[in-house]
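**Student:** Sequence:
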Amino acid sequence: MIKKLLFILATIIGTMYVNCSLIFASNSFNEEFESDFTYPTKWEILRNSSAEIVSFDLTPGFITLSSSSSHFPVVTTSENVFPQNNFEVELAFQYINGGSPFGDGIIFSENKPNYPAAPNASVNLFGVWQGGTPGLIFATEICPIEEPGCSSSKVYSINSSSDNSYHVLKISYHNSQYKIYIDNDLLLTTIETTRRPSFLWLGNPYQLSSPGAWNNFKVDYIHIKPLPDKALDVPFFSQIDDDWKDNEYDHYSSIDPTHNSIGDWGCAMTSSAMILKYYGFDTDPFGTQTSPESLNEYLATQSGYNKYGALVWSAITKYAKQAKENGLTNPSTRLLEFSYPSYSYQNIKDYIDNSIPSIVKVVTNDKDTQTQSDDNLHFVVARGYADNENLGEDGEVYIHDPLDEEASDSATLSSNYNGKEYRQIGKFTQSDTDLSYLWLYTYSPTVNVLAEFDGLYTGIDENGTEFDQIPNAKLFTEGQVNSFDYTLEISDYRVFMLPKPSKGEYKFHFSGTPNSEIDFELFAYNEIAQDQVFPIIDLINPDGNTTYIFNYSPIAGEGIGNLEEVNEANPVTFNSIRQYISEQEELGNIKTVTAKVLIKELDLAEWFYNRDMSKITQILLRNSIRWVDKLNKKQINQDTKKELVQMLEELKNNLNQ
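Going by my numbering, the sequence shown opens with residue 86, and the numbers climb by one from there.
Please note that a few of the clues may not be correct.
Claimed, not checked - With a Cα cut of at most 27 Å, we get these calculated DSSO-like pairs of lysine-lysine: (1) Lys718 - Lys681; (2) Lys362 - Lys303; (3) Lys434 - Lys362; (4) Lys737 - Lys681; (5) Lys409 - Lys362; (6) Lys726 - Lys715; (7) Lys700 - Lys681; (8) Lys585 - Lys434; (9) Lys727 - Lys676; (10) Lys197 - Lys255; (11) Lys330 - Lys505; (12) Lys737 - Lys676; (13) Lys362 - Lys330; (14) Lys559 - Lys406.
None of these hints come from the bench; they were simulated from the model.
All figures in this text were calculated on a predicted structure; none of them were measured in a lab.
Please model the entire structure based on the sequences and the hints provided.
**Tutor:** What follows is the structure in structure tokens.
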């Protein structure tokens with residue numbers, strides 16, 4: 086028995102081996118063994134014959150190693166499959182029979198096995214092994230943290246007798262330490278070490294002197310993923326948690342009676358709950374524990390969602406401010422300030438290095454259209470990164486995905502949303518200063534929006550010209566959150582945002598089809614995150630332009646502001662008079678013959694005006710005024726005559742200036 090145990094330990098013991106082969110460049114290695122190798126070029130079968138068999142089971146997908154001869158199959162990775170930095174390995178295995186005195190198993194090594202010789206004991210780090218005695222074990226050559234000076238390999242019993250159960254082994258390497266888990270239970274943590282495996286092999290290369298009974302086994306899957314170089318300890322919430330996934334999201338039952346839950350639409354809100362918990366806001370302003378459930382209830386009753394359920398990000402700063410004001414946080418906890426920069430890996434990395442997690446807007450379906458308004462969106466929390474500089478690309482961004490049921494150490498943007506666009510970053514930073522903000526949501530799809538302050542403009546004017554002059558202001562078109570199994574057809578909308586707006590008069594110019602509907606909401610926050618909401622449904626003026634003035638103050642105690650439509654008289658033009666004549670003709674207030682004569686006189690006056698013959702234009706308009714003034718009540722309604730004379734007089738005077 087002692088000789089058998091020494092043979093097992095010899096298989097595991099090793100020393101550092103320098104490997105100069107190319108590191109496996111993929112972000113992850115996911116071998117599923119579905120009818121064949123997922124990565125055929127990355128595997129090598131060293132022994133496989135009629136007696137030593139390597140086979141694949143299609144359902145649910147296993148590789149099986151078995152033998153009835155003096156040899157046992159050996160399958161090894163053909164190149165280094167382990168990431169260059171931190172990593173995690175998870176694999177599932179099951180022994181088919183037990184009791185054999187001749188062991189075999191799964192080895193993590195610095196080199197390939199020296200087939201057909203006995204295992205090279207100098208290069209193996211870890212292994213799962215089953216022999217006759219002591220049964221199923223895990224062995225390591227690296228000392229556990231509680232025995233930093235150990236001088237020999239450590240053997241951990243998983244089962245003291247033969248074990249035919251299904252097991253999951255997980256090994257993580259982070260900050261130079263290994264942690265080993267069996268069936269999600271922590272088995273050991275090692276001391277810090279620079280030793281790393283490069284190869285993984287299955288079986289046993291040793292050749293017995295005569296045929297014997299082996300411990301046949303199968304492997305379900307092997308997943309190897311990189312772990313972040315740096316990660317923040319961000320608490321995790323899932324939007325599909327049973328405790329709240331079916332709760333109504335905002336007021337969505339009024340928008341859609343069937344798809345209206347946190348599980349459908351709550352990704353941005355759930356991501357925000359993680360951020361709040363990370364920064365120490367453990368309860369809402371009323372003492373309820375922070376969670377997607379409590380945050381959703383708060384936002385739904387505190388103007389935290391816009392008309393279509395999109396999160397108004399400044400409502401999160403309001404939540405934090407009120408929680409601290411009510412004494413529900415540590416006195417040293419700082420408030421939160423929001424910004425919305427464009428996405429870049431370098432931005433994410435810089436934020437993580439400064440202990441700032443962020444929320445990434447992921448475009449899950451851009452629909453290949455010019456507008457971004459029909460894009461489907463999802464939001465996740467960026468909590469860590471791993472550089473990939475050797476490959477000349479951006480590194481990995483590690484995430485908490487609210488659509489996952491539980492936190493994953495290895496979930497990344499590329500693993501969960503490979504090939505998708507990452508558009509913006511919702512960034513909450515600690516601040517004790519100015520929390521003021523303006524958010525304007527315009528829901529009318531054909532209406533242009535142009536914000537004006539102090540002679541500067543941001544947005545799109547009536548001619549489609551874009552302006553970007555107001556410092557720190559942005560205007561962008563927003564898509565809708567994606568429930569992944571359902572798309573809600575809602576109007577697209579534009580968002581104007583301005584952090585730390587100055588005190589003063591803001592003008593919002595809306596332009597579009599005359600008399601068409603304009604639907605917008607203005608959310609205004611002052612310096613201490615107090616807010617006021619202005620919902621407006623109106624009609625664009627007949628000339629295609631409508632302007633609202635917002636007199637705003639960010640200063641606490643002054644009142645946030647008031648919003649009013651500008652009722653300026655529209656300037657009289659040739660077109661507006663022609664339109665008035667046509668309308669009055671339809672109403673029966675002007676005879677058709679009279680209307681035609683008036684319009685021809687206007688056309689002629691405009692023709693001369695456009696050729697810089699203003700004197701002739703003035704004479705023609707003066708003649709038209711005299712002629713209209715002499716029309717009798719059979720030719721024109723007297724009130725209409727009076728209004729038309731005033732319009733012609735105003736046009737004549739305007740053109741004479």
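**Student:** Of all the hints given earlier, name the ones this structure violates by number, lowest first.
**Tutor:** 2
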